[in-house]
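2 protein chains.
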Amino acid sequence: MARADSAETVAGWAADRAVDLWIVLGPSVQMGAAVDDGATVVALDELTSFGVFDAMREEGVDDARRVGVVSRLAEGVEAGRRAGAGAVVGVADGPQAAVQLVAAEPDAVVAERDLPELYASRYASGRPFRPRVLLNPGPALTSEAVKRAAAGVDICHRETEFTLLEQRVREKLLRVAEVGSDWRVALMSGSGTGADEMALRAAIRPGKRALVVVNGVYGDRLRAMADRAGIAVIVYERGWTEPADTAEVASLLGSEANVDAVAVVHHETTTGLLNPVADIAAVCRDVGVRVVVDGVSSFGVEELVLDGSGIDFLSCSSNKCLQGLPGAAFVFVSPAGLERLADVPSTSVYLDLAGYLAGETRNSVPFTPAIPALAALDAALDELLAIGSSAHRQRYARRAAVLDEVLVHAGLEPIVAAEHRSRTVRSVPLPAGIDYAALHDELKRHGYVIYAGQGPLATEIFRVCCMGTLEPEVLRAFGDRLEAAFAAQAVPA
Amino acid sequence: MARADSAETVAGWAADRAVDLWIVLGPSVQMGAAVDDGATVVALDELTSFGVFDAMREEGVDDARRVGVVSRLAEGVEAGRRAGAGAVVGVADGPQAAVQLVAAEPDAVVAERDLPELYASRYASGRPFRPRVLLNPGPALTSEAVKRAAAGVDICHRETEFTLLEQRVREKLLRVAEVGSDWRVALMSGSGTGADEMALRAAIRPGKRALVVVNGVYGDRLRAMADRAGIAVIVYERGWTEPADTAEVASLLGSEANVDAVAVVHHETTTGLLNPVADIAAVCRDVGVRVVVDGVSSFGVEELVLDGSGIDFLSCSSNKCLQGLPGAAFVFVSPAGLERLADVPSTSVYLDLAGYLAGETRNSVPFTPAIPALAALDAALDELLAIGSSAHRQRYARRAAVLDEVLVHAGLEPIVAAEHRSRTVRSVPLPAGIDYAALHDELKRHGYVIYAGQGPLATEIFRVCCMGTLEPEVLRAFGDRLEAAFAAQAVPA
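Same order as they appear, the protein sequences are chains A and B.
Its first residue numbered 1, the first sequence is counted upward by one per residue in the working numbering.
Its first residue numbered 494, the second sequence is counted upward by one per residue in the working numbering.
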């Protein structure tokens, strides 16, 4: 899988088989499905990687990732692995053979009669699992390095090598956050929502209340979290395209008693709206109120100075703007946030921020961590830091500008005013006469995945996002496809 | 990385470099660290995979996974990828070059001066990250297929291909559980502890109480979960090597009012002790009390008939006896368990069992799932089902018998009586005069990772477990190493 760098790459993803050359090592296997799909199939008696390399040269295929090896023999499977083949399939004649082949660790073991089904689902031109340009708000496209890191060596989480990995990830996260050494970051296994709930449960003392800003699905989710956790909530509601008004937050802080923390979403993925969290945090800091920010879809890409800002808890996830895989989430905690923890009894074992931080202090983790997701995040952070945090943010700013151009050219105006838009998500009204499902499916056929609206907006808008490893050229190519799809739907054949 | 199948494989893991042949493609790169470590280094001008294959043949290296490609050029990185090289490194002369190289997606991008450090940490004979026989109670060794599945195509969780993946995983889990179609299974992103807490929060109605069996760390954790969730708890405590007594549970159910559920750990990983959950569940079923079982380290390996048993909630994780990667967890729910959900208000958003099940009903997930962990679990379940659920359990029974033999031969008697032992975990007293840390480190040097005791047992015992893709031969080889280590410590040089 190459990077999403051009219209041609995307067209290939949308149409191509996963494997161009199948090599049957040893006894014959019926490969009709691959032949019918236009792949080349050759048979070899030599069960070695060098045999595979010779066949590749013979057939003019120079990419081992596009070579499949099929064998009834464990030695054939092993030769496929040694050749670095992109697909390695074992064909078993019965239960005993299956056991032998599973031990040789091919990607799949099937009976010969089930090969066509396996072929259709994993390798055929029409297979459902294939690379596509993900224009949803995460999980986003990730690099090959990130994915390979997830497939690294199995390690135990009580060993030094895991401690090193975790320390490295935390140290890099703190560098990306650009905070002082008095900040901490707690890593957990789960989604951004898990981190949000963990942060919220840690921020409000018994008998006190949370002021929650609600101007989208995720703000409403913060409200529900507080509510279900038994935390009394004051809701400050705004329209879904209106950022929170800092003066109104200040006024509520003045009029409402016992507010212990303000919870607010930095980037409402619902619409692509940014809330002025820095301004709100400054107000809260001045009156000694803690601030919980959902930074799940903003961290690493939107401009936000954390140190001294008044923000005390910032929850994030691995799989959006940091370009890692889903499965890991984390919460940054300010010095004032750390102080708060001492006064808030834990109301959960799994979502216990203080517990994770206490574990880190003794180089330990309370529960089995999602090691592959952490290893992937480590690789993603390396890529981000090789480019530079600031350059990464600027890259997203430029990319969002291209996306805006593309949408305007297609006659689409994002529902959020330009000055409040994020660098990653655009919600645009579905043009009259355009059916979302048909539009989605047509774009998907060409290799682009767009995203529906949420809640009351589900029938009115759709979303186009630009997280992940993709180049502006691809957004332009997407724009052309979008306009063609509109034209085709407006004038049905 | 081959399977843990022999003493020789393990010895190789413990000592070998990760890469035998480094190929520098294009402009020269200083590879002194690799040369000093005994690796072969060659330089090529031809930036193609075929050039890499020729060099492999020339040097007699037939395994692409043991070949590293280093290049200052994006084309060199790409050639390494096409050759299926096990390591691909980009060497950048400055920030601009780094940006170009990151786009080519090598495993790492470094300045030439940082190559020795990268080499030492990732590829050297002495590197910390290396395959070892994991004799800890999970994460366990997994197959290459499982790891490669985690590194599959990036997909969006709102698309059909994800729905297919999730349905497939759920269907296979229900097959492994051997339950009727009236059972459900909810998948979440997190560790087994997250699934435990989710199950417990779903099982007890307001104003009612939980009876929690505590005879190890994990039973005590169930107690803490209920406690922190505001659920009143009756603790039934037993010694850490004593299984729960079903008659005593029955008696407590008779004498204590308002018990809504019994929570019990099937396999106490603390010691390797099995609790008689089937008997306890039968008693509870007869008096209409729900049963929550922590099956995190037992599911798939220990014998347990779920259907009709009285067990209503069984929590599990992906990375132990199922031989998947860590990051996914799940809860099986019986028909009676499903009925209970309607009467228990949610006390969490992230740990809300009813919410996950409601999502599944409409082919959706409430939060971004850990897709790579699910894909890995899918592959692991394929391997398990190719062998057969019952054969998988029998394999573990035989393996545990070998482990017992090995321990007895080394003079070690597990602290749990034979009839109550699990098929995966053994806790044995640390012999007099043997220092755990020294023993651990000595065994680790030879490629084996053992596990410390927990809580009050930390200084008295150590644990040896046999989860994952390992063969009995390896347990025997471990036994030899263990005896040698004892001998060396008992008679210091």
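For the record, the hints were derived by calculation from the structure and aren't laboratory data.
Some hints here could point you the wrong way.
Stated by the list, open to error - So, partial list: chain A residues that the calculated Cβ filter (under 8 Å) puts toward chain B:
#1 E58
#2 E59
#3 G60
#4 R82
#5 Y451
Claimed, not checked - Rough simulated footprint, nothing fancy, chain B against chain A, three-plus residues with beta-carbon under 8 Å:
#6 423–435
#7 483–489
Stated by the list, open to error - Over 10 Å on every C-beta distance to chain B, these chain A residues come out as not near it, computed from the model:
#8 S49
#9 T160
#10 G230
#11 E442
#12 A452
Built from N, CA and C at the ideal position, the CB exists for glycine as well.
For each hint, the structure was consulted:
1. E58: violated (11 Å)
2. E59: Since chain B brings no Cβ nearer than about 12 Å to A/E59, farther than 8 Å, the hint is violated.
3. G60: violated (10 Å)
4. R82: holds (4 Å)
5. Y451: holds (7 Å)
6. 423–435: The restraint on the stretch 423–435 of chain A is violated, since only 0 of its residues have a Cβ under 8 Å from chain B and three are required.
7. 483–489: Since three or more residues must qualify, the claim that chain B covers the stretch 483–489 of chain A is violated, with 0 doing so at under 8 Å.
8. S49: Not fine: 5 Å to the nearest Cβ puts A/S49 too close to chain B.
9. T160: At roughly 6 Å from the nearest Cβ of chain B, A/T160 sits no farther out than 10 Å, so the non-interface label is violated.
10. G230: violated (7 Å)
11. E442: Correct as stated: the minimum Cβ-Cβ distance to chain B is 14 Å, above 10 Å.
12. A452: The assertion about A/A452 is violated, with a minimum of 7 Å to chain B.
Taken one by one, the earlier hints fail for this structure at numbers 1, 2, 3, 6, 7, 8, 9, 10 and 12, listed in ascending order.
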